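Take a look at the letters that make up each chain.
Protein chains: 4
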Amino acid sequence: MSKKKIIYTRAEMLKLNKDILAKRGVDIESIAEISYQQQSKYSDQVSLNVCVESVEKILSLRDIFHHVQLACEIDRLAEEGLFQGPIQDIIEQDFGLFGVDETMGLDVSSLYGTIGQTNFGDIDVNKHGIVQKLNDAGKEEGICHTFLDDIVGAIAAAASTRVAQILNEDLASEDNGVERFSIFDI
Amino acid sequence: MSKKKIIYTRAEMLKLNKDILAKRGVDIESIAEISYQQQSKYSDQVSLNVCVESVEKILSLRDIFHHVQLACEIDRLAEEGLFQGPIQDIIEQDFGLFGVDETMGLDVSSLYGTIGQTNFGDIDVNKHGIVQKLNDAGKEEGICHTFLDDIVGAIAAAASTRVAQILNEDLASEDNGVERFSIFDI
Amino acid sequence: MSKKKIIYTRAEMLKLNKDILAKRGVDIESIAEISYQQQSKYSDQVSLNVCVESVEKILSLRDIFHHVQLACEIDRLAEEGLFQGPIQDIIEQDFGLFGVDETMGLDVSSLYGTIGQTNFGDIDVNKHGIVQKLNDAGKEEGICHTFLDDIVGAIAAAASTRVAQILNEDLASEDNGVERFSIFDI
Amino acid sequence: MSKKKIIYTRAEMLKLNKDILAKRGVDIESIAEISYQQQSKYSDQVSLNVCVESVEKILSLRDIFHHVQLACEIDRLAEEGLFQGPIQDIIEQDFGLFGVDETMGLDVSSLYGTIGQTNFGDIDVNKHGIVQKLNDAGKEEGICHTFLDDIVGAIAAAASTRVAQILNEDLASEDNGVERFSIFDI
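Chains as they are written, first to last, in my numbering: chain X, 1 to 186; chain P, 1001 to 1186; chain Z, 2001 to 2186; chain B, 3001 to 3186.
Keep in mind that the hints are not guaranteed to be accurate.
As the list claims (entries may be wrong) - If you only want the chain X side, here are some residues facing chain Z, beta carbon under 7 Å, derived:
hint	residue
1	His66
2	Asp94
3	Phe98
4	Ile166
5	Leu167
6	Asp170
As the list claims (entries may be wrong) - Cross-link-like lysine to any residue pairs, in silico, SDA-like; alpha carbons within 20 Å at most:
hint	chain 1	residue 1	chain 2	residue 2
7	Z	Lys2041	B	Lys3057
8	B	Lys3004	P	Ile1143
9	B	Lys3004	P	Lys1005
10	P	Lys1139	X	Tyr42
11	B	Lys3015	B	Lys3041
12	X	Lys139	X	Tyr42
13	B	Lys3015	B	Ser3030
14	P	Lys1005	B	Lys3015
Said to hold, decoys possible - Cβ-to-Cβ under 7 Å is the rule here; a few derived chain B residues that face chain X:
hint	residue
15	Asn3049
16	Val3050
17	Asp3063
18	Gly3138
19	Leu3167
What the hints contain is simulated information worked out from the structure, not anything from laboratory work.
In this text, all values refer to a predicted model and were calculated from it rather than measured experimentally.
Cβ atoms here follow ideal geometry from the backbone N, Cα and C, with glycine treated the same way.
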């Protein structure tokens, strides 16, 4: 069997993620807006820019790449009726007790700390911004957003947490008057 | 070293949990009310009774027993200033980026399925019922509820999920006209 | 759109899970044997019977039903080359840094307590019993076991933890000379 | 109430973590050695240096700072008998079904991807290197390592995963002949 390409650079992963999300009707800004709404409640130093930057960073990470690509493909396969057995209808109908999408979302949202996971729970239950739109559209015949709305909400929650970490790091540096040693150089 | 008692029966664990929660100002009903509010949005077949019963079942489980007892004790030790080093002030002040309490809450809330974890996120961020009261009281001098509000919210979220599972099981049995084979006999 | 069946009884879910696992080459006994090997190290009171019973209980639960059905179907779809984009080769080749299968496994394995998750890690890394066989067979042309080996290992880990809980509950009851109040009535 | 210091810079957190671990008998090298043993099985390009560097990065992160400081303090408080109620003996005796320490370890170990969590399970169950030593010493009268061995194993597992990510990123860059865009700039 010829060796297939399975390892991608971060630039490639970012591009492939943007492409597949666009195909499923989601752009970076609509994800960043959820983060902006969550964080601007706590601080007036948050800009939409840092939220957009955060979403792009997240979309270039390997684990997130795998989650996004798989989530979008599961939804597409369900739309095309390609699953066999009971799981086809369970995914297609977005059954309320089906939780594998939330399991994946909880993993994605923990990227910059545990509070990302509670942020994700809030977005998932209360359906902020684009998440509500995806959820509604997913109820139409032939459209399945069962995994997409969770993965998008989870990225927004992780971005939101990244922004909170940056703001706190700035505070820590001011307190100490020392050169910044970024929390994001991990 | 004399052998110490570390294994408790379920009846003992329920009693010990009720006692320590009462000492910290929390009763079963106030936890059950959060579950009731969450689930009565989705179905009119939910009673406060089944929520109370669910909270009591949860409080008799071994993993939950360990979480509840440790959470209450960490708060008390912080109130008495018995932690050494930076963690004393971080816990006492309930620092927003401190997430070990949420890590424990996420574990507790997953008891009856993943959607318990998103329910917990909702309760944690939007501070329903007793969770808001605990959070407010925890800001007073000498009172620390850093772990308590999360553990209480997580129990409510798990109870809420148990109720959802029971309702769906009833539906499944009706569909089939078969004798009930309870999901809670696990 | 006609209403489709998405809610199953526990008896139905157990049967459907046994069927799909058999189709993918896995029977209950081979899963139970991993649990037996893990737990018989700690106690000589473990029987293969209680491990088989535990695996069957687990396979009848709703969250596990969803995980098992989806995991088996993802592997089949990858075998048939039905995923589009980079995720097809990543799943088919079982890329070492692909972790969505482990994310699902960690969720399944936590069913009876956190130690199930470390038991799963041990099984996943050291590839006990049927897990090793599935992993090896998955390297052959046309066979994909990327999700199957993790879901099987996770069920074994959860069963192993259930057995440990039963043994400890027996000890607690003996200590107290009281009627048994089962931990598994949750 | 005078404002207390709760936000630390990364340099401060690294130093405070090294100090408290040293006080509990653990140095950076002994943690790095576990990572080295895990990863050198898969690649001959792993050096102990990159493992030490990884452990130090991890110890400078905020969430890890909170986990390490709390874990070490819980053990100390248990040694001094300062917990009230049943949790004192449960922690002091390191009861096998107590899993809050594993819950914290699973959170720490997921830092660079899910495979860190299965790596942690392997370390926790099979007790590699310093983890075995801590576990043995914890059985002596007056010494409690219930949380320490898990937090140390989890840091080793996260470091191990970081090293695996670096090696794969190097491969991805070679494949493309492009300038490196580091996965660790997150």
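Hint by hint, here is what the structure shows:
Annotation: interface hint on His66(X) holds; nearest CB of chain Z at approximately 5 Å, less than 7 Å. For Asp94(X), the interface hint is violated, since its Cβ never comes within 7 Å of a Cβ in chain Z; the closest pair sits about 9 Å apart. At its closest, the beta carbon of Phe98(X) sits 5 Å from a beta carbon of chain Z; the interface hint therefore holds under the 7 Å criterion. Look at Ile166(X): its Cβ only gets to about 26 Å from chain Z, farther than 7 Å, so that hint breaks.
With a cut of 7 Å, the hint placing Leu167(X) at the interface with chain Z is violated, because the nearest CB-to-CB distance is about 29 Å. For Asp170(X), the interface hint is violated, since its Cβ never comes within 7 Å of a Cβ in chain Z; the closest pair sits about 32 Å apart. Among the hinted pairs, Lys2041(Z) with Lys3057(B) is inconsistent with the structure: their alpha-carbon atoms are about 37 Å apart, more than 20 Å. Between Lys3004(B) and Ile1143(P) the CA atoms are separated by roughly 16 Å; this keeps the pair inside 20 Å, and the hint holds.
At roughly 39 Å between alpha-carbon atoms, Lys3004(B) and Lys1005(P) are farther apart than 20 Å, so this suggested pair is violated. For the hint linking Lys1139(P) to Tyr42(X), the alpha-carbon distance of about 17 Å falls within 20 Å, and the restraint holds. With a CA separation close to 31 Å, the supplied pair Lys3015(B) and Lys3041(B) exceeds the 20 Å bound. The straight-line distance between the Cα atoms of Lys139(X) and Tyr42(X) is roughly 34 Å, outside the 20 Å bound, and the hint therefore fails.
For the given pair, Lys3015(B) sits about 17 Å from Ser3030(B) by alpha-carbon distance, which is consistent with the 20 Å threshold. For the hint pairing Lys1005(P) with Lys3015(B), the CA-to-CA distance comes to about 39 Å; that exceeds 20 Å, so the pair is violated. The beta carbon of Asn3049(B) is not positioned within 7 Å of any beta carbon in chain X (closest approach about 17 Å), and the interface hint is therefore violated. With a cut of 7 Å, the hint placing Val3050(B) at the interface with chain X is violated, because the nearest CB-to-CB distance is about 14 Å.
A least Cβ separation of about 5 Å between Asp3063(B) and chain X falls short of the 7 Å threshold, and the interface hint therefore holds. Given the 7 Å rule on beta carbons, the hint for Gly3138(B) is violated: about 26 Å separates it from the nearest Cβ of chain X. Residue-level restraint check for Leu3167(B) is violated (minimum Cβ-Cβ distance to chain X is 10 Å; threshold 7 Å).
Checked against the numbered hints given earlier, this structure breaks hints 2, 4, 5, 6, 7, 9, 11, 12, 14, 15, 16, 18, 19; the rest are met.
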